[in-house]
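Chemist: With the hints as extra help, turn the sequences into a complete structure.
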Amino acid sequence: MASPVITLTTDFGVGSPYVAVMKGVILSLSPSATLVDLTHQVPPQDIRYAAMVLADATRWFPPATVHVAVVDPDVGTERSIIVARIGPQTYVAPDNGLLSRLTRAAPASLIVELTDPAYWRPHLSSTFHGRDIMAPVAARLADGIDPLLLGPRRDNLMQLDWPEPIVSQGAITGTVLTIDSFGNLITNIPAELLVPFARGSVVTCGGRDVRGIARTYADRTMGQITALVGSNGMLEIAVVNGSARQTLNVAAGAEVQVRAVGET
Amino acid sequence: MASPVITLTTDFGVGSPYVAVMKGVILSLSPSATLVDLTHQVPPQDIRYAAMVLADATRWFPPATVHVAVVDPDVGTERSIIVARIGPQTYVAPDNGLLSRLTRAAPASLIVELTDPAYWRPHLSSTFHGRDIMAPVAARLADGIDPLLLGPRRDNLMQLDWPEPIVSQGAITGTVLTIDSFGNLITNIPAELLVPFARGSVVTCGGRDVRGIARTYADRTMGQITALVGSNGMLEIAVVNGSARQTLNVAAGAEVQVRAVGET
Amino acid sequence: MASPVITLTTDFGVGSPYVAVMKGVILSLSPSATLVDLTHQVPPQDIRYAAMVLADATRWFPPATVHVAVVDPDVGTERSIIVARIGPQTYVAPDNGLLSRLTRAAPASLIVELTDPAYWRPHLSSTFHGRDIMAPVAARLADGIDPLLLGPRRDNLMQLDWPEPIVSQGAITGTVLTIDSFGNLITNIPAELLVPFARGSVVTCGGRDVRGIARTYADRTMGQITALVGSNGMLEIAVVNGSARQTLNVAAGAEVQVRAVGET
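Residue numbers (this note's numbering), protein chains in the order written: chain A, 12 to 275; chain B, 12 to 275; chain C, 12 to 275.
These are computed hints drawn from the structure, not numbers from a lab. Everything numeric in this text was worked out from a predicted model, so none of it was measured. Even glycine gets a Cβ: it sits at the ideal position worked out from N, Cα and C. Be a bit skeptical, because a hint or two may be false.
Derived, one-sided and incomplete: chain A residues facing chain B with beta-carbon distance under 7 angstroms [claimed, not checked]: (1) Val25; (2) Gly26; (3) Pro28; (4) Ala31; (5) Val32; (6) Ser39.
Modeler: Dropping the structure here:
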């Protein structure tokens, strides 16, 4: 039988030995687990960024993969830690909005609050529940434990507000939701909304106009600002061989407009 | 049977293909090994930093894990490379103090100096013993070779000085031993020494006073200097959402004082 | 049977979730694959740098390892993606010169152009062929598919120019081919050309002279510019505990001269 897959998403930073500690705890309980780093470069305590990464990346994993997300600014307070089944995947995370981008596409079919310390490490620290609670629970889930043993069912997950694009006659007004490691601006405007603009459009962000929506990076020349549909199916603004974040001087939350223009 | 686990700790830097080369050599000899990166972000040639990481992180791994540490400023000189059994774990490292923090807690039960080239790669470079000696030996240890085949027994490992906290009437004087990737200052003062200070204390470092020892990061507000017990059980000084290293302008070796004060 | 090994080399940057997405796609098709990151720190779109890394690092892996390289500035254009057998290893990459350093040592014994979408992901994006074509093909190759099912044979791979060192009476004129993550300058001068210079030599680069070729880093003192034979068997210029790139202010392509001098 194939090894269970467990992914890890944290804001510990690359090279943090705390990531390795979580892996050691997992392998101590589930020696045949296949461990994959989703990313440890979540900006510190940026729940919204991590929620985007989880929504975009985890669906590419095999069914029954266990995804552990430790972006946990409230560790040590009364926030709860939950296990959630969303589609064919299982998630272990603090209930602070980390799964709120995922549940827009498909609601959780099961939510359990982790309350039974029998499945945790024996001695609980107040600062590292990733190691003491989430890692051991992920190992047991990968090995097939019934989540209902871990604690009581819950009805809801904490939600964050995810702005939706506004479509009007001849224009879409959207938002930069997150910025990837290349400095590309990832918006909340999905490709299907762009179909009516195929004959000609201008994309505006940070006070700069970009004419047309390119099919690929190779359609543009170095240093040019480009609008294109990224690999997650959303409109992106990129600078070929550069950083759109720097060139346009914008942050997550910035407004993005798409307007139809006649072909000239 | 579960795959043997091998961890790697180096100062090669993240993204170094030399790390991958060591993994290729290991997998060529031990194809079922599970490889885990402990960290490759050890500051270049910082043996003391790596020794702290090894002491804190390796004990979370399954028994019989093989931990390879390549922080080796003296590669190509007459320094020896050793295999050591410390507790239930096995280590492969140059004998330059890398294991000296580990052996404070438990002495090595077996030390072998690697001298038999039959277990190394056939052609030895003068600059990369991680690849040519340590990786192949780690693979064979993971596969269960008797360490005594690898060379002669040794009685001692090289030791480094690890300053101990000094406890006097109403005060502890300790030292910043290392600084983590968040800029948190990790001291040599264990939590158990802090019990008598529970009623009220001031922690002083870098000329700044911090009142009280917080239970978690969430007890303090953004940007505030905080003293707390970290996940390794030692007193840490942190800046919430910031870097204590920068805010206090101190380096490893700085003095830390804890004084009792009356509750007011 | 041992798991097939698949390595990944990209310019996505460390912490990119796109790397994890490729791993998810691979593990969905080949659940027992062992995944190894070669490096994701290739400078953006630097095909030559990646070609050097592939030539140096992939030969250390077990026979039949599948190496996937996604440095793909022309994604979405008509460039082809190929599978190549070179020595005992298998490569999946865009045909843009990524394998041209490897094929100098040994020509490809088989080249297949990927044209049959039956072996790709069902929906093809225009920006991420690493996920949609290369990852699924790598998974199938690791599981033993006959490469000839994937598309038609090709005779040639795209070649890049790799300058050769020029040897004259008493001197070698070479080139800095690439620069590693330590800032060490890696040249195209192999160790065997240096044998006649053993009695005394001066290495010149960036207007600076370095006397002698050191056996190891430990032969020199901190901050000193050093010429030595690196672990890949090529002459390197390094600054002990520093960056030769910064100290000498040179880039890839810079000239390097070795001249014989009498011992004095």
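Chemist: Hint by hint, note whether the structure agrees.
Modeler: Going down the list of hints, with the structure as the test:
Annotation: Val25 of chain A was flagged as interfacial toward chain B, and the flag holds, the nearest CB pair being 5 angstroms apart, inside 7 angstroms. Given the 7 angstroms rule on beta carbons, the hint for Gly26 of chain A holds: about 3 angstroms separates it from the nearest Cβ of chain B. The closest approach between the C-beta of Pro28 of chain A and any C-beta of chain B is roughly 4 angstroms, which is under the 7 angstroms cut-off, so the hint is satisfied. Using the Cβ-Cβ criterion of 7 angstroms, the hint placing Ala31 of chain A at the interface with chain B is satisfied: the shortest such distance is roughly 5 angstroms.
Below 7 angstroms, beta-carbon pairs count as interface contacts, and Val32 of chain A has one with chain B at about 5 angstroms; its hint therefore holds. Hint status for Ser39 of chain A: holds, given a least beta-carbon distance of 5 angstroms to chain B, under 7 angstroms.
In terms of the numbered hints stated before, the structure departs from none.
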